[in-house]
Amino acid sequence: MKNKSLIFSGILLIGLVMYGWLHVLNLSQIFNDPLTVCRRTWEGYKRVFITQEGRVVRPKEKDTVSEGQAYAMLRSVWMGDKETFDKCYAWAEQNLSRFNGEGDSLLAWHWKDGKVSDWMPASDADLDYALALVFADTQWRGQSPSGLADYGSKAKEVLADILRLETRRSAGLRLYLLPWIMDERAAENIPLNPSYYSPGHFRVFLSFTGDARWNELIDTSYFIFEATARKLGEEEGVGLVPDWCSVDKKNRFSPLDEKSSDFGWEAVRIPLRVALDYYWFQSSQAEEFFGTNLKHFLEPRWQEDRVLFCEYSYNGTAHKSYENALFYAAYACIFMAGKSPYAEDLVKKTRSFLRHKRGAWVYQDEDDYFTNSLAWFADGIKSGIIRNICAKKGEGN
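Here the sequence shown stands for residues 557 to 953, numbered as in the working numbering.
Wrong hints could be hidden among the right ones.
Computed cross-link-like contacts, DSS-like style, restricted to lysine-lysine with a CA-CA straight-line distance of at most 30 Å [said to hold, decoys possible]:
| # | residue 1 | residue 2 |
| --- | --- | --- |
| 1 | K805 | K787 |
| 2 | K948 | K938 |
| 3 | K876 | K618 |
| 4 | K618 | K668 |
| 5 | K671 | K815 |
| 6 | K671 | K618 |
| 7 | K787 | K616 |
| 8 | K815 | K787 |
| 9 | K913 | K938 |
| 10 | K618 | K895 |
| 11 | K602 | K638 |
| 12 | K895 | K948 |
| 13 | K787 | K876 |
| 14 | K913 | K895 |
| 15 | K668 | K913 |
If you are wondering where the hints come from, they were derived from the structure by calculation, not from laboratory data.
Here the structure is a predicted model, which is why all the values come from computation and not from measurement.
With the hints as extra help, turn the sequences into a complete structure.
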């Protein structure tokens with residue numbers, strides 16, 4: 557009896573060792589292959605954050621924002637997941653569309669407790685929504701779900717309304733993207749969120765519509781990035797772009813009242829957006845901006861301390877010493893585009909935040925909707941999944 561017990565214990569021990577070895581091997585494969593990371597985290601994202609009806613949920617508040625629907629649609633089309641794309645598209649149109657109430661094709665930004673709680677649109681979400689539809693029109697032309705507008709037709713309507721309602725010219729005639737719809741009689745200074753500007757998006761829209769105003773917004777994007785990285789109001793910059801700012805009639809930038817001037821949870825999206833312009837269009841403006849500003853600030857800090865934080869003040873001081881997968885993904889995009897020898901270190905650092913929870917691979921926490929929506933970007937670019945679907949052969953990624 558004693559011998560049988562020892563044999564059983566030995567078999568159990570061997571089984572546990574084998575299980576542990578296979579588990580480690582599986583983790584190693586996930587952490588070292590960008591395509592696998594993208595696929596596993598997409599399946600995890602769908603399981604945790606997207607309902608069967610196609611609503612993208614922020615678990616902490618149990619609400620939905622238009623940016624979430626747009627992020628999910630973009631990721632769906634990049635992953636070739638038409639079923640999820642169509643569910644998210646249908647939910648957005650059926651629950652967030654402003655058409656019946658306001659007569660435009662933009663999306664209400666906030667939904668909670670079964671209804672829209674704020675009908676104001678957010679231009680960043682509208683831009684991502686439009687890009688997802690443009691890509692879907694290329695990928696699945698003529699295959700829109702029954703009862704919904706054709707992907708390409710809807711994209712053109714959304715883009716026309718963005719230009720009509722969510723842009724404004726300064727007194728100096730420069731065209732700016734507004735964060736929301738503003739009354740023409742509003743204050744002279746225009747509020748800006750630099751992270752809403754995406755020159756890569758604008759180049760796709762220029763090709764799709766032929767409207768030269770998208771070219772103006774490309775120019776404005778880099779004008780904002782470069783100017784605010786150098787100076788904001790009376791404060792000299794260190795290469796970081798603020799979350800928010802305002803611009804006056806002479807195109808001078810200042811802090812925006814009651815909004816953050818830090819490089820934080822808004823501005824972290826700037827590297828992701830500029831990376832698209834770099835990889836899709838080989839933009840020299842993107843390369844120069846990364847090299848002379850963000851990379852110039854970040855690389856020495858990583859080289860010395862092997863840690864990069866979130867929420868740097870405009871003068872470069874870290875407010876709180878904490879790390880996050882999304883920020884490392886953004887920093888990795890900067891380092892990859894800038895050919896930094898530390899680029900792969902930051903990609904691996906981003907992956908180190910992966911956790912297996914509730915049967916799904918997520919970054920950090922299954923309640924962290926925002927991080928999980930975007931932290932896959934570095935691996936998405938490395939794998940080639942995040943690509944310009946409209947590009948013809950030989951025209952870039």
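Here is what the structure says about each hint:
1. For the hint linking K805 to K787, the alpha-carbon distance of about 17 Å falls within 30 Å, and the restraint holds.
2. As the CA atoms of K948 and K938 are separated by approximately 20 Å, the hinted pair is consistent with the 30 Å bound.
3. Between K876 and K618 the CA atoms are separated by roughly 27 Å; this keeps the pair inside 30 Å, and the hint holds.
4. Between K618 and K668, the direct Cα distance comes to roughly 7 Å. Compliance with the 30 Å bound is thereby established for this hinted pair.
5. Restraint check for K671 and K815: satisfied, since their Cα atoms lie roughly 27 Å apart, inside the 30 Å limit.
6. Distance hint between K671 and K618 is fulfilled; the C-alpha atoms sit about 12 Å from each other, no more than 30 Å.
7. Restraint check: the Cα-Cα separation between K787 and K616 comes to about 36 Å, which exceeds 30 Å; the hinted pair is violated.
8. Under the criterion of a C-alpha separation no larger than 30 Å, the hint pairing K815 with K787 is consistent with the structure, at around 17 Å.
9. Distance hint between K913 and K938 is fulfilled; the C-alpha atoms sit about 25 Å from each other, no more than 30 Å.
10. Between K618 and K895 the alpha-carbon distance is near 40 Å, which puts this suggested pair outside the 30 Å criterion.
11. Among the hinted pairs, K602 with K638 is consistent with the structure: their alpha-carbon atoms are about 13 Å apart, no more than 30 Å.
12. With a CA separation close to 25 Å, the supplied pair K895 and K948 stays within the 30 Å bound.
13. A distance of roughly 23 Å separates the Cα atoms of K787 and K876; the hinted pair therefore holds under the 30 Å criterion.
14. A threshold of 30 Å between alpha carbons decides the hint, and for K913 with K895 the separation of about 34 Å lies outside it, so the pair is violated.
15. Of the supplied pair hints, the one linking K668 and K913 holds, its CA atoms being roughly 26 Å apart against a limit of 30 Å.
Going down the numbered hints, you'll see the structure goes against 7, 10 and 14, while the others check out.
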